[in-house]
Amino acid sequence: HNKGVCLAKLKRYEEAIEAYEKAIEINPKDDKAWHNKGVDLAKLKRYEEAIEANEKAIEINPKDDKAWYNKGVCLAKLKRYEEAIEANEKAIEINPKDDAAWHNKGVCLGELKRYEEAIEANEKAIEINPKNDKAWYNKGVCLGELKRYEEAIEANEKAIEINPKNDAAWHNKGVDFGELKRYEEAIEAYEKAIEINPKETLGYSNIGELFFELGNLEDASKNAKKALKRNENLTSALSLQGRIDIEEKNYDAASKSFKKAISLD
Numbered sequence: 071h072n073k074g075v076c077l078a079k080l081k082r083y084e085e086a087i088e089a090y091e092k093a094i095e096i097n098p099k100d101d102k103a104w105h106n107k108g109v110d111l112a113k114l115k116r117y118e119e120a121i122e123a124n125e126k127a128i129e130i131n132p133k134d135d136k137a138w139y140n141k142g143v144c145l146a147k148l149k150r151y152e153e154a155i156e157a158n159e160k161a162i163e164i165n166p167k168d169d170a171a172w173h174n175k176g177v178c179l180g181e182l183k184r185y186e187e188a189i190e191a192n193e194k195a196i197e198i199n200p201k202n203d204k205a206w207y208n209k210g211v212c213l214g215e216l217k218r219y220e221e222a223i224e225a226n227e228k229a230i231e232i233n234p235k236n237d238a239a240w241h242n243k244g245v246d247f248g249e250l251k252r253y254e255e256a257i258e259a260y261e262k263a264i265e266i267n268p269k270e271t272l273g274y275s276n277i278g279e280l281f282f283e284l285g286n287l288e289d290a291s292k293n294a295k296k297a298l299k300r301n302e303n304l305t306s307a308l309s310l311q312g313r314i315d316i317e318e319k320n321y322d323a324a325s326k327s328f329k330k331a332i333s334l335d
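All residue numbers for the sequence shown refer to the numbering used here, where the first residue is 71 and numbers rise by one.
It is worth saying that the hints were derived from the structure and are not from the lab. Wrong hints could be hidden among the right ones.
As a list, the in silico DSSO-like pairs of lysine-lysine whose alpha-carbon atoms are at most 30 Å apart [unchecked claim]:
1) 251 with 295
2) 183 with 217
3) 299 with 326
4) 251 with 115
5) 269 with 251
6) 183 with 136
7) 79 with 126
8) 81 with 217
9) 149 with 167
10) 330 with 113
11) 167 with 251
12) 330 with 296
13) 92 with 102
14) 319 with 295
15) 133 with 79
16) 115 with 79
17) 262 with 296
18) 299 with 262
19) 269 with 217
20) 81 with 133
21) 73 with 102
22) 99 with 115
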């Protein structure tokens, strides 16, 4: 079992799983080995198997809040949000101070568009651990969905303050500024997200949209092209490029962009 833990720390998950299986062979009631096997299966995106391993750990030790939480994470990855919420609630029942389980419950509620409840769950996570930048970010996402953009920006700023490398929070801040028509600030936020994560394709498309709104077709086109260079099938960038082409009276090019965008939608 200890060998498995060490291998997992080295990100050698396949070997770690083998070590846990050896431990389980010796002692099938080793709930920690089952749970750790579940964690590493999840790292390999083998979520169904990970759920099974965590369920085995729970069967042996129903008070293993970490196994309930990990089961919830895997169910969420499989978009089984209702079941994921139930698993996280079990984790919280055993350990009400598990901020990660509160946050994960919040994420799943958000996915089900139950935004008010999602905000509450994330606030509970933040109350337990004010440094949980993911909970601040997720709270921001849900506030944005409720069109409470000023509050959403504040939540994203908290996430960024805790973790300046949280590119998703920078991106989301850009979305909220855009909704408030504070375009310059939105562009700055998107640029920061791209600086942290150069694969941030949607950021280029969104910056292009803002320049288009500002009537700056040259910079709008530059950013649409940057987005399409990274992902030629990005519908938002294709649609933007089409609108730019219409403004510039390049009707054939516009038609091509729109046709491609429609075929991908």
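Self-check item: Hint numbers not upheld by this structure, sorted from lowest to highest
Solution: The structure conflicts with hints 4, 8, 10, 11, although it agrees with all the remaining ones.
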